[in-house]
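Keeping the supplied structure of chain G fixed, place chains Y, E and F upon it in accordance with the hints.
Quick mapping for you: the protein sequence lines, in order, are chains G, Y, E and F.
First residue of the first sequence: 1, per full-length UniProt numbering; consecutive thereafter.
First residue of the second sequence: 1, per full-length UniProt numbering; consecutive thereafter.
First residue of the third sequence: 1, per full-length UniProt numbering; consecutive thereafter.
First residue of the fourth sequence: 1, per full-length UniProt numbering; consecutive thereafter.
Each hint should be verified, as a subset may be incorrect.
As the list claims (entries may be wrong) - What follows is a list of derived Cβ distance ranges for each label pair:
| id | chain 1 | residue 1 | chain 2 | residue 2 | range |
| --- | --- | --- | --- | --- | --- |
| 1 | G | 215 | F | 146 | 28 to 36 Å |
| 2 | F | 146 | G | 206 | 28 to 36 Å |
| 3 | Y | 97 | G | 74 | 52 to 60 Å |
| 4 | F | 49 | G | 51 | 48 to 56 Å |
| 5 | E | 26 | G | 55 | 57 to 65 Å |
| 6 | E | 149 | F | 78 | 35 to 43 Å |
| 7 | E | 142 | F | 71 | 45 to 53 Å |
| 8 | F | 146 | Y | 84 | 39 to 47 Å |
| 9 | F | 9 | G | 215 | 16 to 24 Å |
| 10 | G | 206 | E | 10 | 49 to 57 Å |
Since the hints were made in silico from the structure, they are not lab data.
The beta carbon of each residue, even a glycine, is placed where N, CA and C say it ideally should be.
There are 4 protein chains.
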Amino acid sequence: MTRTLADWRESAYRVIFEADTPAGKRFDVVLLWSILISVALVMLDSVASIHARYGAWLYRAEWVLTALFSAEYLARLVSAPRPWRYARSFFGVVDLLAIVPTYLSLFFAGSQMLLVIRALRMLRVFRVLKLGRYVREAAVLQQALRASRPKILVFLYTVLTLVMLIGTLMYVIEGPERGFTSIPTSIYWAIVTLTTVGYGDISPVTPAGRLLASMAMILGYGIIAVPTGIVTVEMARARDSASVSTRTCHDCTREGHDLDATYCKFCGAGLPPLEPF
Amino acid sequence: MTRTLADWRESAYRVIFEADTPAGKRFDVVLLWSILISVALVMLDSVASIHARYGAWLYRAEWVLTALFSAEYLARLVSAPRPWRYARSFFGVVDLLAIVPTYLSLFFAGSQMLLVIRALRMLRVFRVLKLGRYVREAAVLQQALRASRPKILVFLYTVLTLVMLIGTLMYVIEGPERGFTSIPTSIYWAIVTLTTVGYGDISPVTPAGRLLASMAMILGYGIIAVPTGIVTVEMARARDSASVSTRTCHDCTREGHDLDATYCKFCGAGLPPLEPF
Amino acid sequence: MTRTLADWRESAYRVIFEADTPAGKRFDVVLLWSILISVALVMLDSVASIHARYGAWLYRAEWVLTALFSAEYLARLVSAPRPWRYARSFFGVVDLLAIVPTYLSLFFAGSQMLLVIRALRMLRVFRVLKLGRYVREAAVLQQALRASRPKILVFLYTVLTLVMLIGTLMYVIEGPERGFTSIPTSIYWAIVTLTTVGYGDISPVTPAGRLLASMAMILGYGIIAVPTGIVTVEMARARDSASVSTRTCHDCTREGHDLDATYCKFCGAGLPPLEPF
Amino acid sequence: MTRTLADWRESAYRVIFEADTPAGKRFDVVLLWSILISVALVMLDSVASIHARYGAWLYRAEWVLTALFSAEYLARLVSAPRPWRYARSFFGVVDLLAIVPTYLSLFFAGSQMLLVIRALRMLRVFRVLKLGRYVREAAVLQQALRASRPKILVFLYTVLTLVMLIGTLMYVIEGPERGFTSIPTSIYWAIVTLTTVGYGDISPVTPAGRLLASMAMILGYGIIAVPTGIVTVEMARARDSASVSTRTCHDCTREGHDLDATYCKFCGAGLPPLEPF
Numbered sequence: 001m002t003r004t005l006a007d008w009r010e011s012a013y014r015v016i017f018e019a020d021t022p023a024g025k026r027f028d029v030v031l032l033w034s035i036l037i038s039v040a041l042v043m044l045d046s047v048a049s050i051h052a053r054y055g056a057w058l059y060r061a062e063w064v065l066t067a068l069f070s071a072e073y074l075a076r077l078v079s080a081p082r083p084w085r086y087a088r089s090f091f092g093v094v095d096l097l098a099i100v101p102t103y104l105s106l107f108f109a110g111s112q113m114l115l116v117i118r119a120l121r122m123l124r125v126f127r128v129l130k131l132g133r134y135v136r137e138a139a140v141l142q143q144a145l146r147a148s149r150p151k152i153l154v155f156l157y158t159v160l161t162l163v164m165l166i167g168t169l170m171y172v173i174e175g176p177e178r179g180f181t182s183i184p185t186s187i188y189w190a191i192v193t194l195t196t197v198g199y200g201d202i203s204p205v206t207p208a209g210r211l212l213a214s215m216a217m218i219l220g221y222g223i224i225a226v227p228t229g230i231v232t233v234e235m236a237r238a239r240d241s242a243s244v245s246t247r248t249c250h251d252c253t254r255e256g257h258d259l260d261a262t263y264c265k266f267c268g269a270g271l272p273p274l275e276p277f
Numbered sequence: 001m002t003r004t005l006a007d008w009r010e011s012a013y014r015v016i017f018e019a020d021t022p023a024g025k026r027f028d029v030v031l032l033w034s035i036l037i038s039v040a041l042v043m044l045d046s047v048a049s050i051h052a053r054y055g056a057w058l059y060r061a062e063w064v065l066t067a068l069f070s071a072e073y074l075a076r077l078v079s080a081p082r083p084w085r086y087a088r089s090f091f092g093v094v095d096l097l098a099i100v101p102t103y104l105s106l107f108f109a110g111s112q113m114l115l116v117i118r119a120l121r122m123l124r125v126f127r128v129l130k131l132g133r134y135v136r137e138a139a140v141l142q143q144a145l146r147a148s149r150p151k152i153l154v155f156l157y158t159v160l161t162l163v164m165l166i167g168t169l170m171y172v173i174e175g176p177e178r179g180f181t182s183i184p185t186s187i188y189w190a191i192v193t194l195t196t197v198g199y200g201d202i203s204p205v206t207p208a209g210r211l212l213a214s215m216a217m218i219l220g221y222g223i224i225a226v227p228t229g230i231v232t233v234e235m236a237r238a239r240d241s242a243s244v245s246t247r248t249c250h251d252c253t254r255e256g257h258d259l260d261a262t263y264c265k266f267c268g269a270g271l272p273p274l275e276p277f
Numbered sequence: 001m002t003r004t005l006a007d008w009r010e011s012a013y014r015v016i017f018e019a020d021t022p023a024g025k026r027f028d029v030v031l032l033w034s035i036l037i038s039v040a041l042v043m044l045d046s047v048a049s050i051h052a053r054y055g056a057w058l059y060r061a062e063w064v065l066t067a068l069f070s071a072e073y074l075a076r077l078v079s080a081p082r083p084w085r086y087a088r089s090f091f092g093v094v095d096l097l098a099i100v101p102t103y104l105s106l107f108f109a110g111s112q113m114l115l116v117i118r119a120l121r122m123l124r125v126f127r128v129l130k131l132g133r134y135v136r137e138a139a140v141l142q143q144a145l146r147a148s149r150p151k152i153l154v155f156l157y158t159v160l161t162l163v164m165l166i167g168t169l170m171y172v173i174e175g176p177e178r179g180f181t182s183i184p185t186s187i188y189w190a191i192v193t194l195t196t197v198g199y200g201d202i203s204p205v206t207p208a209g210r211l212l213a214s215m216a217m218i219l220g221y222g223i224i225a226v227p228t229g230i231v232t233v234e235m236a237r238a239r240d241s242a243s244v245s246t247r248t249c250h251d252c253t254r255e256g257h258d259l260d261a262t263y264c265k266f267c268g269a270g271l272p273p274l275e276p277f
Numbered sequence: 001m002t003r004t005l006a007d008w009r010e011s012a013y014r015v016i017f018e019a020d021t022p023a024g025k026r027f028d029v030v031l032l033w034s035i036l037i038s039v040a041l042v043m044l045d046s047v048a049s050i051h052a053r054y055g056a057w058l059y060r061a062e063w064v065l066t067a068l069f070s071a072e073y074l075a076r077l078v079s080a081p082r083p084w085r086y087a088r089s090f091f092g093v094v095d096l097l098a099i100v101p102t103y104l105s106l107f108f109a110g111s112q113m114l115l116v117i118r119a120l121r122m123l124r125v126f127r128v129l130k131l132g133r134y135v136r137e138a139a140v141l142q143q144a145l146r147a148s149r150p151k152i153l154v155f156l157y158t159v160l161t162l163v164m165l166i167g168t169l170m171y172v173i174e175g176p177e178r179g180f181t182s183i184p185t186s187i188y189w190a191i192v193t194l195t196t197v198g199y200g201d202i203s204p205v206t207p208a209g210r211l212l213a214s215m216a217m218i219l220g221y222g223i224i225a226v227p228t229g230i231v232t233v234e235m236a237r238a239r240d241s242a243s244v245s246t247r248t249c250h251d252c253t254r255e256g257h258d259l260d261a262t263y264c265k266f267c268g269a270g271l272p273p274l275e276p277f
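If we strip away everything but chain G, and leave its shape as in the complex, we get:
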């Protein structure tokens, strides 16, 4: 009895959480499509004209999908070996947040907007694709970004200080009557400028202001180069370490062999086989 129950949970787990059995894969594909559809519905519903005509249908469709997702969430809770740990995991939280807004919308109108959080569930796609390749690439990216974080932080901190000073200076120069209504607004302008976004909703008019702006832009020129440099360097590192540095020749003990190397390029001795990733 418990035996079969354990079996049932076991198999349910394989279907719901994993994607390497045909059933599991089918389950995940259906899931992804329904997520995609639900997100699309939320977006369409936000378009006034569409809402006016199909609002009622979209509303029902949303409840149906929410019901399905709720059922799925419960199934996950039940079949998970450690339900509580799943509930606190990243995907556990996302899965919950993906259904709550609909219920909330009963009390707070408009809160169903938050359903777009379902987009995050789409991240499961990588597990379905089961392209170890993509996972590894993603890992390289992550490693590079993690390695760059401290530098990026120092950089961001400097940029923020810079932006505050430029913004205030601009506020003093141009003044409220020319759109720079307050220091925070001017800082917003400074960010828009330094990041080279340049909406143009606020832009300097006085010669002095334009001179300062020009300096800020040319500064932003050099500044935008910094994060790129940081990430590029770290990425090159991550890539190299990912590709080569792991293999050593047992004879001359030198490293730096390519992935497709069978013999040491320094002493010609045979290399140890490449361990699978």
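Just chains Y, E and F now, with coordinates in the frame of chain G:
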């Protein structure tokens, strides 16, 4: 008889498809110029004032060019060793698409716009230039981009998710009355912002919206660094392998040895010394 | 007596200037928070609506904070071993500039805007965090930027010349009636365009102007790549030297040896084997 | 007699063309300042308000400067060993173009705008600074850019084709009534978008147009990474080749020694002294 026909096809092929005989080169140069002219005509025709005055002339000129291109297309079909394979090749399809719109324009007005697709035919220019140099550079670029694809895809996927969340959040914060008329529109705004294009046709007004926008921009700052890093790293790789691949092992005749390699990494045989660049 | 005074100064110094004693750390944390608050107050005060309602309170709060900072400044002067040197140091000047504006505001209205300079004091945060890590990263960044300076200067000089020529050309083409009111204004436009900021407050209208603008943009495309390239290369260098500089020659005790070095490049003595990272 | 004349020309040459004698340096500094002033005058003169008040003065000042520059030009012609070669050299042409507009302005009003070409003369500054350092850096930049040219050309060609297709598609989608008045205009828009300048003078309104624009932007995201990658890689190459690859150890004949290396890092033998740049 068939003999001479074969000869004729043979020589026609050399003239039309290849560019290493004087005749063939002349043919391609004439072709490129007429393509250039035809594309220019389509563009000029789209300018109202020009269309009003020279519309009739342009119309005739277009038919003449189309006739020429049609003849050329038939000639290609006839002279090609495997007509059907040519017809399905990239250039074969482009060549066809480059003449169809004119005939379509008899039934659907305005469809001659699509003639701009002729621009694609210009890509033949590289074959005419016959600058192996350019071809090789293009190859390096392609290799680098192909190698970066998986990373770029992972990156794009993350950006899209990000853009959806930021866009929706902005829609909730700023609301329709401030230009963020719907979630898709807000997502469009988020893309315009993250890519640092910043049209300014839609821009945040409320302090909260501007705060979020500032965060998005500073985020975009770091984000724009990622593809650059990816491509740069891959390009460095492609370049190195391109500069290296000139060495061949005399035993297994395989290439791709590093500059500091003394022994073939595939068969372990000694490599020929590196010729000075 | 003097003895105890010396002691007092000694301990005061440790509390005020250093951050490795509990007291010192507490002091700095309190300081940072009050700086943060004071900067925030200045910003809020610049918002018309807030100024109208809470202006009086903000005014008082500012005076309180200024009094505190003044006391702190004096304490620093007194406890510093060489008061005069501190006064002329970067932070010494910033600390002074951080209190002066308030007093000035008694004579010149609005000068309290300059209090935002207090933001610079926030840079002390890195000393408090005492994250040698961050300091080191900052050092790498600085080294890279310092190394890139000459190239960057050459680059900037070229860009400025370019911008002057493009701007003037545009002024000649578009003329004052289309927003390009003067050469300086056109140069401002050229900078806005080349840096890809693109406010759109001034933009070409005539075909000729748009053609020139398009060329300028595509040029800016390549141009923006240059500083990035410079910084990236220098950063890679700085990073490598940072990772390498750990090896010291036991004979001449000099550092900066490459990873593949077996002998000291300065004195030719054998190097200690590279410790694994 | 001829003797002394030759002497005179000799010394005049040293003063006018070179900058390593005190007199020569003084001459060049004065020259640079007068160029700077003349360029500034042209710019100021283009500002309506200033022109109205000081137009007459600026006009006279310009003639004075032009007279000086004309005299200088003649002096250069006379003292140059090969006058004709100087006249055809880059600086020779620029020097001429720097005075012609003033005379032209007698016949064609407004042509004095072209005087801004004098800015090019400023490039002499590097020779005055005589910072071999800067010259070398500039050389590295040039080398990198020259090496990247073929790749950049292939890249530009692809971008132009892309821009033509996107522009035309946009023209078909949005149509003249929404600002996309003609295909050339739409191509201009496509360039503004792909280069992430984003003026916003023309921007898509229809959902389809915005979708296409979003794709174009995200595409531009990746595209902007390409030139950066190209330049960065070439720059790294140029830098390395500039710094190391020039020296070879006479014992083990291996390369890649740092500039500050005295002994071979591979075999410990003494290195040949570094030849001065």
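Hints versus structure:
no.	hint	verdict
1	215(G) - 146(F): 28 to 36 Å	holds (30 Å)
2	146(F) - 206(G): 28 to 36 Å	violated (42 Å)
3	97(Y) - 74(G): 52 to 60 Å	holds (54 Å)
4	49(F) - 51(G): 48 to 56 Å	holds (54 Å)
5	26(E) - 55(G): 57 to 65 Å	holds (58 Å)
6	149(E) - 78(F): 35 to 43 Å	holds (40 Å)
7	142(E) - 71(F): 45 to 53 Å	holds (48 Å)
8	146(F) - 84(Y): 39 to 47 Å	holds (45 Å)
9	9(F) - 215(G): 16 to 24 Å	violated (45 Å)
10	206(G) - 10(E): 49 to 57 Å	holds (52 Å)
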